[in-house]
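Line by line, the protein sequences are chains A and B. Residues in the first sequence are numbered from 2 upward in steps of one, following my numbering. Residues in the second sequence are numbered from 3 upward in steps of one, following my numbering.
Treat each hint with caution, since some may be false.
[Stated by the list, open to error] SDA-like cross-link-like pairs, simulated, lysine to any residue; straight-line CA separation at most 20 Å:
| id | chain 1 | residue 1 | chain 2 | residue 2 |
| --- | --- | --- | --- | --- |
| 1 | B | Lys55 | A | Ser88 |
| 2 | B | Lys55 | A | Glu91 |
| 3 | B | Lys48 | A | Ile152 |
These are calculated hints, taken from the structure and not from any lab test.
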Amino acid sequence: MFGGLREKLQAARSRLGSSIQTVITSPAADAEKTGASNTSAPAPEKQSVPPVTPEITVKPTIVDKFKVLLIERELIVSEKDVSDALSELEMTLLESDVALPVTDAIIAHVKKSLVGKHRKIGESVDSLVVGALRDALLDVLGSGFDLQAYIRSHPRPVKILFTGVNGTGKTTTVAKIGSYLKKQGFSVVIGAGDTYRAGAIEQIGVHAERLGIKIIQHPEGGDPSAVLFDTVQYATSHKIDVVLADTAGRFHNKANLMSQLDKIKRVMKPDLVVYVDEAVAGNDAVTRAAEFDKTVGADAVVLTKADMDSRGGAAISIAHTIGKPLMFIGTGQSYDDIAPFEPAGVVGELLGDA
Amino acid sequence: MLDGLSSSLKDALKKLAGKTVIDRAAVDELVKDLQRALISSDVNVKLVMELSKSVRTRSLEEEPPKGMTVREHVLRIVYQELVRLVWASTDVKLEPQTILMAGLQGSGKTTTTAKLARFFQKKGMKVGVICADTFRPGAFDQISTLCTKIHVPCYGNPQEKDALKITREGLAALKEQELIIVDTQGRHALEADLIREIIDLNLLTKATHRWLVIDAALGQMASEQARRFHEAINIDGVIITKMDGTAKGGGALSAVAETRSGIAFIGSGETIEDLERFDPDGFISRLLGMGDLKALMEKANEAIRPEDVNVDAMMKGKFTLRDMYKQLEALNKMGPLKQIMGMLPLGNMELPEGVYDVTSTKMVRYRIIMDSMTPGELDDPSLINSSRMQRIAHGAGASPDEVRELLKYYKMMQRTLKGLRGASGGKFNMQRLMKRFSGMQ
Ligand SMILES: Nc1nc2c(ncn2[C@@H]2O[C@H](COP(=O)(O)OP(=O)(O)OP(=O)(O)O)[C@@H](O)[C@H]2O)c(=O)[nH]1
Ligand SMILES: Nc1nc2c(ncn2[C@@H]2O[C@H](COP(=O)(O)OP(=O)(O)OP(=O)(O)O)[C@@H](O)[C@H]2O)c(=O)[nH]1
Ligand SMILES: [Mg+2]
Ligand SMILES: [Mg+2]
Chain A
2 MFGGLREKLQ
12 AARSRLGSSI
22 QTVITSPAAD
32 AEKTGASNTS
42 APAPEKQSVP
52 PVTPEITVKP
62 TIVDKFKVLL
72 IERELIVSEK
82 DVSDALSELE
92 MTLLESDVAL
102 PVTDAIIAHV
112 KKSLVGKHRK
122 IGESVDSLVV
132 GALRDALLDV
142 LGSGFDLQAY
152 IRSHPRPVKI
162 LFTGVNGTGK
172 TTTVAKIGSY
182 LKKQGFSVVI
192 GAGDTYRAGA
202 IEQIGVHAER
212 LGIKIIQHPE
222 GGDPSAVLFD
232 TVQYATSHKI
242 DVVLADTAGR
252 FHNKANLMSQ
262 LDKIKRVMKP
272 DLVVYVDEAV
282 AGNDAVTRAA
292 EFDKTVGADA
302 VVLTKADMDS
312 RGGAAISIAH
322 TIGKPLMFIG
332 TGQSYDDIAP
342 FEPAGVVGEL
352 LGDA
Chain B
3 MLDGLSSSLK
13 DALKKLAGKT
23 VIDRAAVDEL
33 VKDLQRALIS
43 SDVNVKLVME
53 LSKSVRTRSL
63 EEEPPKGMTV
73 REHVLRIVYQ
83 ELVRLVWAST
93 DVKLEPQTIL
103 MAGLQGSGKT
113 TTTAKLARFF
123 QKKGMKVGVI
133 CADTFRPGAF
143 DQISTLCTKI
153 HVPCYGNPQE
163 KDALKITREG
173 LAALKEQELI
183 IVDTQGRHAL
193 EADLIREIID
203 LNLLTKATHR
213 WLVIDAALGQ
223 MASEQARRFH
233 EAINIDGVII
243 TKMDGTAKGG
253 GALSAVAETR
263 SGIAFIGSGE
273 TIEDLERFDP
283 DGFISRLLGM
293 GDLKALMEKA
303 NEAIRPEDVN
313 VDAMMKGKFT
323 LRDMYKQLEA
333 LNKMGPLKQI
343 MGMLPLGNME
353 LPEGVYDVTS
363 TKMVRYRIIM
373 DSMTPGELDD
383 PSLINSSRMQ
393 RIAHGAGASP
403 DEVRELLKYY
413 KMMQRTLKGL
423 RGASGGKFNM
433 QRLMKRFSGM
443 Q
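Isolated chain B, as found in the complex (with noise of 0.2 Å):
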């Protein structure tokens, strides 16, 4: 049912597809199903309708930049507003600090307690780890043996009931590391007691950040949660873990808006090494039920299906109009064109400026042109003489000139592909470079 929703999602997109005038309907349908797309992954709903309320608005007031459709205009409205949610990266430097580890029961705080120890290590840091839960049965078992797989001191005792005596005698011992990871027991907004136990931890610890640990799966009340924890203790970044599930982590983005903080890891899995830095374009997509922020920002990689361009006809030379209107409808769905081609690796290559000069209006008259073709024209337009000219015309209700047009813009297309295979050494990869482009970030 998943699925549903975000497919339901891409045909609101769909139908912005090709529109170059702003479509008040389209636009709505798209915030209603953009909503269920961001409740259905935990988003805070209230934030869900403040987020949905802006992207209607920017939508339908700010004028498309020249030369970008009416979809990407919205989608990168879409985009940016969640972008502006979860960009605050959180710095991580490689100095000496003190890490305050806080979340609700089970969330993940002493795994990647030991996960952050390994990464800040790797990065050739000396770390040490204190177990400041003096509650959870085995929680100082739990830590001190991950710990010692990594080789990483441990302060605990499982006999001593006092969170904050442990942890003093903790960054005595563990002076001599520049980094230190205080875990805590878990603990909920409800608990004064315990809300009261970290802010004193935070006090002694004088920690450099205290980082919010959220379970992807967490719902509606993360935003609560995250304030009462943010009010405690300030925090300065959320850890997502259990992203290796199929929870999209809306509530933890809703604590990321509530704390204003920003991301710093995310958690991927059980062992020590399963530690991510946060990547916004893919948690995005995540978040929308859409495969990628590929298929999100339109310049999709399956806008250009392999099935659709035959890029190996096309490097051997064999470049017919049937493959030049794939092309354009594959590029057309990807963005601006001009846009495109500046980001592919070609070097300096001047490349004609009538390139993209393509309109999705004029791709639907060369459809139309291309349908009162015969197979064979399709396929080598060099038949085309000008009595063919002439009925393809009058087929298409076109006029000559049109055609002509057209059989300009193939062969400027044709000879671009020549350039291009020019200057790839012959090893020239359609897929690879649109991969590349829509990899980058």
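Looking at chain A on its own, in the form it has when it is part of the complex (with noise of 0.2 Å):
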């Protein structure tokens, strides 16, 4: 999915490479100027050679003289060397829809890494450059969440509650997941608590059937709270594994609206609290992310339609600004198109070097 934000990073991190090694080339100019003897670390034979027959030595290339400067010299990066650059790279994550608050942590952390540190340099400048990055994206995405490994591992039923404003795609990651679990061998109930928007039963009772998941379902304009609670009781004399709860789509500046999921979430005692929020939303992400999870809470994040784009900057604005693990991605509308949130292989990806 991050296709896009991968080029444009690779592109940025090229720039933000040359640019050090411009830092670091230049001193080596000096110091063939002033001769280059005070210097007592062995230089390579080619800095060696006496310029009275230049004609006939192979020049120094660029890689040569970068090759003497990581033995004999340390790195001290200004934040001058790298702000043309930084602000390419701000750019380039502003574009791939990581909301501008977001972006300022991840650039401010980057260059902190970078500015004003001595480095041997060991390795390549390239490497200098995608480790910060790295690190920033790491530290913004945390660790993803394995929800198998967490149904195993807790008393069933284990119940899932879903929320998230409107149309971003609950009502089909509920059937997705169920899919996806029942494949695992876990035995699943839904419960239809969207009794609210036209159609919504009739939604969610298409998929439930077409999977073979039982559901639970009141009549439209009924309590939703009632529902759950329903759907839990069922699950409880069933010993059916797993709940997943649907929700109406609401949005999270509507207090009325809100107190509800608070009644849902008081009445079924969900273990999860799964936040669903779409792939392509812009800045609105993190302003919404953060009032479900201060009202309602947020334990894991799914992020859907991530098929519609090649970027993705909202899986990191959700995680840095609300610090909850991304579980699932969603890539289609078809059962099988989700898949779960590997962290470390999305910012390896991300960078190129997966």
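Both chains come to you apart, so use the hints to assemble them.
This is how it looks when you write it as structure tokens:
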């Protein structure tokens, strides 16, 4: 999914690399002018070739000079050296939908790990930059969430409540996760907790039927807490492993709808609250994730519609904002279009060295 | 943090306040804050860069119109550049037509279809809806439930998998209706088969309008998605949904720019009635993270905070020098006095020419002079005789003539206010007037 971001990051990365390389090579030029003899470290042959016979000698390449410096010098990076490249990186993140405040934080992090430090350069400059970026992104994305392991290690039924704003893909995700868990051998029951939106009960009903998963439904307009309470009762009495509770989409700035969600939570006592948002959301992803986390909590995040774009900055925005693990990525409208989120893999892919 | 951002834009604007010469650094700062505000509202980054570039160039190169402060000048340019993007309002005619709904999965097409049906129905048109979504489970239940609520015929068939076939049948079944809205399944730019399908649906329906429904929260990819839809079916209007949340709609704005269309409607809630016509001022204000356009256009209500202007005292005939100063300050923040007065509903009442002639430099002088008055003199300027005048002038490092000028201006303002009171039959309400004024579009 992150293909676009990857390309852009790679461009920014090589830009950063070259700007640091400039820093390193310029003192080499100085050293050459002044005779380069005051450093006691053994200089490689090419550097020690007397300048009288330049025509017949292969001129030292940038890489050669660079190698010398790797041995002889420490690298001190100044803010000025990297500021152009960092603002390019900043643009890249913004264009990838990483929200502005989150972008600011990442840039600050990368800058901090590059600027002002004395560094022995044992490896390539490239890996210095990549290292800083990787640290920043891993830091932001945290670790994933292993749902199967969670279910195995908790008393049944494991009750999972799905929340989020309108149209992000909650219902479809409930169906996908139901299918996924069923394939793993777990028994599942779905609670049709959206009793509000027209066609919602029918929608989740069709999914459940196609998947052969038991569903508990009340008529439209009923109390969602009541349906979900019944679902939990059903699971308990039938020794079902997992309860998947769908809810109506709602906006975080609507107090009555949020308190309804709070009531649902009190009544069904979920083990996990899963917040569902879409990968294509922009800066609002930060605001609403923060609000949902604050009012009803969120233990894990599912990001849907990753097939729509190749950027996925919302993953970074949300993870950074609420610090909760990303559990799954939705990649289409079929039941199999769901993949566990693996931060290290994603970061590796982003940075092009997976 | 968004508040912090918008306040930084406001701070940058403040720095331009009272300036009479264009300050390059201040403009640069403003442009930078403008960029941040727009980017955090999800306006396409490239679009933001183009836009801010022309704001900068124009601010520095164009001569501010006479009587306009630098700040107003820059704000006006910001506003103009933004309005230029959203300006084309989509023509909504009350005549027979077919509307094809298009958009990404979950953007709000079906809900908006019902809202539009209701909108045109209320305008007295005979409306019919076709459910061409053959994919999403419960799609037909959803739209037919909504249509039943408003007694609008809805054609569909959950068993049929061919959207074109349903649409063809639906057009025939609903031929008595004047206006047909075709709801389609969600799709995105990378789904070639579905893009093909909507091209075919467009050809089949010969749609009058092809409206792209966009979630207010859609981020940077909005432009790209819109471009693909535009290439496919020539989008001629954008509907922004879910504006009742906290998203700013910058993605939708970028889609409008991409399709060179306009914003037809705004969705502002989950119920059928929650549909609004597009209001550019409100939209731009939100985009910039500023309370409202009044603030943007510098004729802010905020400039006239009730606590700043003691309207009641003024109306009771008590109008002190202090009141006058606050008044001036507030009016000065709002823009050229003359322009504002010209907009007030005062009939053809003549205002003395001199009322308009207080520049911000002069206001600073007035402030200094007033600083060397006693509280008694400020409250009751008639106390100021010639010896007091000497003392005040001396204390302020001003000439007695300047003090006299200030007092003269004060008297003129006092008279003007009396005139205003007369003109409005004693019921003059400054705040209401200002509100009315700033609500003007
Ligand atoms: N392309 C794509 N579409 C998806 C994905 N997940 C869900 N959708 C589609 O997005 C639309 C909305 O999904 P729903 O599951 O109904 O969303 P919801 O959050 O339950 O919506 P409300 O209950 O109305 O708030 C449907 O058309 C889904 O098929 C995904 O990963 N990729
Ligand atoms: N709060 C709010 N919710 C809205 C608005 N417009 C649509 N919705 C909600 O957004 C969700 C998705 O709306 P739909 O109309 O089903 O979206 P769609 O584009 O038809 O979805 P697909 O057919 O699956 O592509 C539903 O929960 C709607 O109630 C709006 O303006 N405000
Ligand atoms: Mg749902
Ligand atoms: Mg729909």
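Evaluated hints:
1. B:Lys55 / A:Ser88: holds (17 Å)
2. B:Lys55 / A:Glu91: holds (18 Å)
3. B:Lys48 / A:Ile152: violated (45 Å)
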